Every structure is written in C-alpha cells, then in structure tokens.
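7 is the number of the first residue of the sequence shown in this note's numbering; add one for each residue after it.
Derived by calculation from the structure, the hints in this document are not laboratory data. For clarity, every value in this text was computed on a predicted model and none was experimentally measured. Some hints here could point you the wrong way.
Straight-line Cα separation of at most 20 Å, PhoX-like style, residue types lysine-lysine; simulated pairs [what the hints assert, rightly or not]:
(1) 40 / 227
(2) 285 / 241
(3) 301 / 241
(4) 285 / 301
(5) 308 / 227
(6) 275 / 301
(7) 275 / 137
(8) 308 / 40
(9) 282 / 297
(10) 275 / 290
(11) 308 / 297
(12) 290 / 308
(13) 282 / 299
(14) 211 / 175
(15) 137 / 43
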Amino acid sequence: MAKPYVIGIDMGGTNTAFGIVDARGNVIASSSIKTAKHSDINDYIAELHEAITRLMEENDAVDKIQGIGIGAPNGCYYTGMIEDAPNLPWATPIPLAQLITDKFGVQCVVTNDANAAAIGEMTYGAARGMKDFIMITLGTGVGSGIVVNGQVVYGHDGFAGELGHVIMKRTNGRMCGCGRTGCLEAYCSATGVARTAREFLEIRKDESLLREIPVDEITSKDVYDCAIQDDKLAKEIFDYTGTILGEALADFCTFSSPEAFILFGGLTKSGDLIMKPVKEAYEKNILSCFKGKAKIILSEMKEADAAILGASALGWEVK
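Build out the structure end to end from the sequences listed, making use of the hints.
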C-alpha cells in the first residue's frame, strides 16, 4: 500500500530547502539548512537527516514516506550521482541517491535542480498546460530545465540542458566555477551581478551608493537596493545583466522553439530592472521566424516550492 507522503529536497549552492508533500501536491511542512556549512558531504547528510526527521516527527509523517526526490546541481537522473557541480563545496562525483537512501532507509531519486523546478512549474505553476518550455533558474548559479513535448530533456547521459554554461563571451570572458570562461552563469547569476558591480566600480568613476559598501562584500541584493533608489550605476548593472540574458534566450529559442521561457529564482525579484532589458535584448536578437511566439514570464511558484514540488514528484516514482 502506497504511503501518503514524499519528501522533496531542493539542494542549492547556498541553501537546501525541503518539504513533506502529499499526493495532491500540498507542501505539508517545509524547512531549510545551509548547504555549504559542512566541508564533508557526510556531515551535511547527517544534518539534513536530523532536520527532516524533526520535521516528520512534528507532522506525524514518520514511517509514512513513500520516497524521496532531490533536485541537485548537476544531479543525474539516470545514475543518482552529482558530477562536476561548481557551486557545491564537496569533491565530486557524489553518489547522492545512494547516500540518502542508506541514511533514511527510503528510496531516493535525483535529478538536476533546475529540472526539478521545471517539473514543479509544469505541474503546479505558470507552465500548467504547456508541453514545450524552458525553465531558467537565476540563483547562486544559472540552471535550466528544458521540456519538449511534455518531457524533460535529459539526453543520453542525464546531463542535457546545462544552458548556464553556454559561453556568451568567447574573448576575455570571466572565469566560471565550471573551469571555463565566459559562461552565462558568470554574468547572469546573483554572484554574476555582484561581480559586475565590482568590475564597474573598478573601471568607472561614477558616483554611486554602491561605493559606500566594502567592494568585496557587495551582493546582488545591494545592487537591487541601490537601483530602486535610482542609482544610475546600479541600474546599468541590471541593464548589462539583462541584456546578456536576453541574448542567450534568443539563442536558446532556436533549439526547441518553446512556448515560454519561465524565469525563477532570487534575481527575478528585481522585476522590471531585469525583465525590461531581457525582453528588449531578446526581441533585438531573435531569429525572425520565432518573433512573437515565445513568452518570457516569471514563475508563479513560491520561492522554494517549485523545486521542492518538482523534486517530490520523483518520490512518487519509487515502488
């Protein structure tokens, strides 16, 4: 007899969110821990186990979990491994599905974190009813989940769709955490926005509220806070970031001709500061046969729910 709940886990580079989910897609309870707190993956899993066990005890869910689904950076659906994840503090490969299964005594299925978000969006969010869309997650890194004809594109090895590591600047590009230079992630992630701020402050003489912040401590939130105070340099940082992202989306459109691009993650909270240059650059660079066909919209899911719900859907696959 199937048990009434699954656990959905969204492992991000900064935080790990998790929740208990029922068969209707209701998140019964959720919480989070810091991902990078531990230098040893086993210590991380021990803390995760302790936190989830506490959540289950508080919500009468002990021994009622059908399966565990995890969305993780560079998580492979086919093998359950994490491989070459630049935003995680541990050496890879990591047999994550097996480690979690052994620790919890419940079968675990793993996929890429952005793929999990795409599944959640398709089931519960802005992509309901869509069969062809691309999910872009703008957080510590840039992730993507590509859905074609209602199915997530995994490729032959489980790693298809790493659009955050498409190279946007072939000459003098920034070093990316993946080891290459010029990747989209190095410019359009939250950390990329902070890097742009530091570069602009170094090479330009403009007055800016950002100069009141120690340069090594500037975050994307600081750039946003200054931009909404009409700081010219901060607004230009968002223009620069959005233009690069819009150019990338125009290229991505030629791959799968999606009905929509759905943007998700902390950077999307910047609203028109990021969306206006994204859409302008997209329209300027899109191939004529695709003009007017794809929408660029924001996720309708709560901050962590898309990835938690998407990951939890994998838990129901456990037999």
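For this session: Verify the proposed pairing of residue 40 with residue 227, using a straight-line Cα cut of 20 Å.
Result: Holds, at about 19 Å.
Exercise. Taken at face value, is the distance from the CA of residue 308 to the CA of residue 290 at most 20 Å?
Worked result: violated, 31 Å
Exercise. Within 20 Å, alpha carbon to alpha carbon, are residue 275 and residue 137?
Worked result: violated, 26 Å
For this session: Could you grab the alpha-carbon distance between residue 275 and residue 290 and see if it respects the 20 Å cut-off?
Result: violated, 24 Å
Exercise. Are residue 308 and residue 227 close enough, with their CA atoms no more than 20 Å apart?
Worked result: holds, 18 Å
Exercise. Quick one, are residue 301 and residue 241 close enough, alpha carbons at most 20 Å?
Worked result: violated, 24 Å
For this session: Could you grab the alpha-carbon distance between residue 308 and residue 297 and see if it respects the 20 Å cut-off?
Result: Answer violated: residue 308 to residue 297 is near 30 Å, above 20 Å.
For this session: Measure nothing beyond the straight line between the CA atoms of residue 137 and residue 43; if it is 20 Å or shorter, mark the hint as holding.
Result: With a Cα-Cα distance of about 38 Å, the restraint between residue 137 and residue 43 is violated, given a limit of 20 Å.
Exercise. Is the straight-line distance between the alpha-carbon of residue 211 and that of residue 175 20 Å or less?
Worked result: Given that 20 Å is the threshold and the Cα spacing comes to 25 Å, the pair is violated.
For this session: Given the hint that residue 285 pairs with residue 301, test it: the Cα-Cα distance must not exceed 20 Å.
Result: Holds: residue 285 and residue 301 sit about 9 Å apart, inside 20 Å.
Exercise. Is the Cα-Cα distance between residue 285 and residue 241 20 Å or less?
Worked result: holds, 16 Å
Problem set entry | 20 Å Cα cutoff - pair residue 308, residue 40 | The given pair, whose Cα atoms are some 19 Å apart, holds under the 20 Å limit.
The structure shown violates the earlier hints numbered 3, 7, 10, 11, 12, 14 and 15.
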